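Chains as they are written, first to last, in the numbering used here: chain A, 1 to 126; chain B, 10001 to 11207.
If you are wondering where the hints come from, they were derived from the structure by calculation, not from laboratory data.
Just to be clear, a hint being listed does not mean it is correct.
Stated by the list, open to error - In silico lysine-lysine, BS3-like type, Cα no more than 30 Å apart, as pairs: (1) B:Lys10902 to A:Lys99; (2) B:Lys10649 to B:Lys10683; (3) B:Lys10563 to B:Lys10507; (4) B:Lys11000 to A:Lys2; (5) B:Lys10243 to B:Lys10014; (6) B:Lys11118 to B:Lys11077; (7) B:Lys10938 to B:Lys10773; (8) B:Lys10299 to B:Lys10333; (9) B:Lys11054 to A:Lys99.
Unchecked claim - Computed footprint of chain A on chain B, listed as stretches where at least three residues anywhere in the stretch have a Cβ under 8 Å from a Cβ of chain A: (10) 10959 to 10971; (11) 10979 to 10992.
Here the structure is a predicted model, which is why all the values come from computation and not from measurement.
Note that beta-carbon positions come from the ideal geometry of N, C-alpha and C, so glycine has one too.
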Amino acid sequence: MKAKLLVIDDEDFIRMPIQDYFEDCGWEVVPFSSAEDALAYLKDEMADCVIVDVRLPGMSGPEFIVRASALRPGIRFVIYTGSFDFSITNDLRAAGVDKNCIVRKPARDLNDIRRAVEGGDHGKDA
Amino acid sequence: MRSGLRMSIKKDKKILIIGDKRADTESLHALLHSHGFSVSSADSLNNAEKELKKTPAADLLLVDASLVCTPSETGYTDVNRLITDNPVIFLLDEESEISSISGCADMTRTCGFIKRDSGDNYITATIDTAFRIIGYFKESEERRKELEAASNEIRNAMEEIEEASGEMADTNALLEESESRFRTVFRNAPIPIAISLMKEETYLDINLKFLEMTGFRREQVIGKKRSDVIKLVSPEDSTVIMKEFMEKGLISNYPIITEDFSGNRYHNLLSAYQVEINNVPCLVSMLADISSLKAVEEKLVEKERLLAEANNMLRLIIDTIPGHLYWKDKDLKYAGANRLFVNDAGFSSTVELIGLREKDMPWIQQIAETDTEDYNIMQTGKAVHNNIELHTIGAGEQCWFRKNKIPLKNTDDQTIGILCSYEDITKTKLNEDELRRSRAELQSIFDASMVGVALIRGRIFIKINSALCKTLGYTEDGILNHDARIIYNDDAEYKRVGAELYGNLEKYGQAVVEAKMVTKDGRMLDTLISASLVDHNNPTGDVCMSLNDITDFKRAENEAREKEERLRGIASNVPGVIYQFYTDDTGKYGVTFMSDKAPAMFGINATIENFFSEFVTRVHKDDRPRFFDSIKKSVEFISSWEFEGRFVKYSGEIMWFRAMSSPSRQKDRIVFNGVIIDITEKKISEEELRRREDRFRSMIQSSSDMIFIMDSNNLITYESPSVSRILGYEEGFFLGRSPLQLVHPDDLDIIMKEMGLVYKNENPGIPTEFRFKHSDGNWLYLEAVASNLVNNPAVNGIVIIARDITGRKLAGDALRMSEAKFRNIFENMSVGYFRSGLDGGILDVNPACLMMLGFESVEEGKKFLKNRTSNIYADLNDWKMVRNTVMAQPDPPVFTVRLKRKNGSEFTAELKMKIVMADDGTQMNVEGLIEDISERVKTQEVLIQSEKMLTVAGLAAGMAHEINNPLGIIMQNAENAMHRLLDELPGNIEAADSAGIDFKKLGRYIELRRVDRYLSSIREAGVRAAKIVGNMLQFSRGADSKFDCLDINTILDKTLDLAANDYDITKNYDFKKIRIKKNYGEIPEIRCTEIQVEQVFLNILKNAAQAMSTKNHAENEKPEITISTHHENNSVVITFTDNGPGMDENTRKKIFEPFYTTKQPGNGTGLGLSVSYYIIVNGHGGTITAESTPGKGSSFIITLPVKKDIK
């Protein structure tokens, strides 16, 4: 059974290469352009990991994380964001988010994102 | 026939005194006993009864009236039982008791009443009288008894007869015999007897006596009615008689008064009884003629009445006697007294007094003396007359009494008592004493009088006092009883005075005459005789005169007259008018005196009465109100009056007058005595004077100098108006004060010394400076000059002229202070100051300037600069430019130039210069300020940098985020493209297969056509762009940074390692080839963000390395970077010095600008140092500066603060 990965970003060309890359890596990837869609999906389906941006139309990334984690505890969340002034709140920490879960845009290497998804120390910030 | 009752008083009569007042009883007992009566006493009626049962029984009862009507304690004894049978004299306290006695006692046997306080004589007299009455009664009683006996006999006889007649009816002869016997008896009875029919009331038979009594003949009586025969004076008697008869059946001794036909009245005692004669009720009546008795009785009563009257009179007399009266019996017991005495003794009636002894009296004193006295009188029978005694009575009052005690002697010349009378002569005595005293007083007044007083009769001195003698120089004998002539100088005077004196005395009753007298020793006296008649109605009678020695007075009078004459003489010569006017309490004005000149001076022809009003009308109408006001005011305060005003003369000419006077109060008016003078001329000159004075005054007032006049006591007598203005004290403050107290204590010595010289007139006239206290407390500097004008009568003191020089002084001080201040500033200012001549020769340089230029002293500076200012310019052209500008423009701008220090180092300075006039005013100098603005420049640069940074930061923050996304797209897609084109992923191969392509071949194609390089370059470019963005975003990251306390030296080492291995660095130059010299000092840890600090250090090292790689180092000069750290001023200073090519100023200035780079395009971002700058300055609160000497190398100096709180 492939590990399922959700990718939430409102920019198609951000989502696409990530999706392709992880599919190439052997993941099952389900793309979403909004957090609401993803949340609706999670109501019925499971996932192993979610890559989510902070700034999204409608529900924000952090809010999604909190809800999704309530819905499906145990999901790993990776925040892939361009916002510099993002910091991990207690809610997020409760959902399992730590500094290794954060990848700043632009990721120099898609590997950086993979490392975050897989839960390793992804090294220096960009 | 009247019964001839013989009156005889037997002395052995027995008297029974019934009374319960033992004292009275005893005294009475004694009294009566002394009169020869046999006396017994009983203290109650019961006892009296017993007493009476004794033999012999009493002949007379003296009954205490109070016992009569009151029952005794031991049972009521009917007093009447006693008194009916016995004669009684009632002893009374008051006459009023009589009525009460008569109310309850049978008064039949009453023989009299004695008041207790009656005199012994009275008592005995009354008793004697009583006995007489008793005698009468006895006799009458005997008579009555006889009568009764007779009548009884008769009755008996008649009863016998009756009996006999009943038994012996047949013996008419016996009857007749007995009848005739009877008839004889009947006929001859010595008392009138009548037999009458009861019913008819007619007479049956009467006896001779009856006929004798009535004067009728037998036939006139027999058969006649009783009433026709016996005339009762009181017809009602018969009714009473009958009534009594009816009640008792008989009448016994009923007193009736009958009248015979000739009108004679007879007193009778009627006795009657009923008898049956021949069975016919008859009345037998007998009359006992007691007319004579009655007459006696009446006489007695009359006598009694007279006695009583006499008694009363006596009593009245003795009560009315103005004085106290009492008498004592021979036992010295009080036997009576008058009301006054009784009251004084405290009794309410004489009765209480009677029987008491002296010792019983309420007064305490003199009992013994009184008793002795009384006893003596009793013994000697000699009276004591006019004894004046002093008693203290009552509340200690003293009274004088004149007492007379007279022994009472009876007919046998025996003293039976003492009569004492005394008079309260206190008043008289007091009056006497008073009289005596006032006489003595008058006498002493008379004697003490200073004025000679004499009583003259017919011009002869009858009575004189010592003053008179003294005045006239005679002894008393010398004048007394002499004719007045002796005191007169001569006959003429004697006659004149006499005539005037007596003439006036006659006319007016009094006279006052001046007389010239001569003393005994020939001295002349002026005297004033004042005389008056002693008896106004007797002009020739005695004259009372007083003599006053008026010699001195007369002399004074003469003197006064002389003085007046003199005054008058003076007054008439005074160039003015002397007057006296008054105003009285009603507001009226008047003149009492005007000297002769007045009418002439004023041209007023008025009487003295009208003078004032005439005067006032001529007073100028404008001055008139003031005239009256001034008078009124002086009246109110009794203050001296002065008035100057105008008087309009008759001619219309105006005269100025001055009235002066001093008012004094005289009874009801205020009197002004004074002078009026014509001051018209004076007024004119006064005006002139005033004008001059005003001029002078205004001069002084407007003078700004102060003028004082000081007297020899250092007290100010004058201060000019400017004083208060300048010194601030109220006007007149200094008058009477010494101004020395306000002189500054430190200056006082100088002042005193000066004043000493002034007084000696030795002062040099040089102004003295001193400090004086202003009223607000500040010290003023004054300059004063004094002149000694003590001897100048107009001045009479030291004139001091003073000027306030505070301003000047302060200005001087200020100037001096200012100069000192300026010198201070000059010496200490941080800005360099110089002065030079137009030729550039240095005239003056301040220490700051020297320091700035690196010189030790002015001399050195001058020497070094060879006296040319141009030498300090780094660029001579600058000097030229500056000089030219300064010369040309009056207000040249500030120049910013590079200047050269002594050691050759340059610095940026601001120059402000101008051309000025030299102090001595002869030539022009150049004056300038030099400010080392290196720091400022640096700071400015830093500020500019910061600003730029901030701008960039702002841009960066805004932009960064927008770029990241596209960058992400670029990079990720390029990467993915590469992956999907080149990597042998199952997915790829699958897809190639399905496309009918050989994946490997595809890969080969892509490489051949360099598409892979295109894609990777796209990715790399993205990375580069991301880095730039990342760097830029450094600027907006603040709170991100984490601070740790770190050791810089350690970080430096880390950085060196990084530098050696850094990808970027090794690419372009070999860092390893560079020699690193470490100069680490002892530095404390500082709070910093390691990564950032590292970045900064790395950046600098990189730049250094890069720079050095461009320089062609000499053989012996290896590329070298020296890193030194040291602790300085609460900071850690890190210096990176290289020996590279260095930078020129332009470069150096711009080195921290963002995007400024010396490198080739593409080589580096140009952001490194700007970011470093930002990190150090904004992130760590430190400083970063660059220094360089072109060709030699550059230095980057970083300071990081040690303080805990940075941002």
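Each hint, compared with the structure:
The hinted pair formed by B:Lys10902 and A:Lys99 fails the criterion: a straight-line CA distance of about 60 Å is larger than 30 Å. For the given pair, B:Lys10649 sits about 17 Å from B:Lys10683 by alpha-carbon distance, which is consistent with the 30 Å threshold. For the given pair, B:Lys10563 sits about 37 Å from B:Lys10507 by alpha-carbon distance, which is inconsistent with the 30 Å threshold. Between B:Lys11000 and A:Lys2, the direct Cα distance comes to roughly 28 Å. Compliance with the 30 Å bound is thereby established for this hinted pair.
A hinted pair counts as satisfied when its Cα atoms are at most 30 Å apart, and B:Lys10243 with B:Lys10014 does not qualify at roughly 38 Å. Only pairs whose Cα atoms come within 30 Å are accepted, and B:Lys11118 paired with B:Lys11077 is accepted, the gap being roughly 12 Å. With a C-alpha separation of about 57 Å, the suggested pairing of B:Lys10938 with B:Lys10773 is violated against the 30 Å cut-off. Simply put, B:Lys10299 and B:Lys10333 have alpha-carbon atoms about 34 Å apart, too far for the 30 Å limit, and the pair is violated.
About 25 Å separates the Cα atoms of B:Lys11054 and A:Lys99, which keeps this hinted pair within 30 Å; it holds. Evaluation of the coverage hint for the segment 10959 to 10971 of chain B: fulfilled, as 9 residues show C-beta separations to chain A shorter than 8 Å, against a requirement of three. Here the segment 10979 to 10992 of chain B counts 6 residues with a CB under 8 Å from a CB of chain A, which clears the bar of 3, and the coverage holds.
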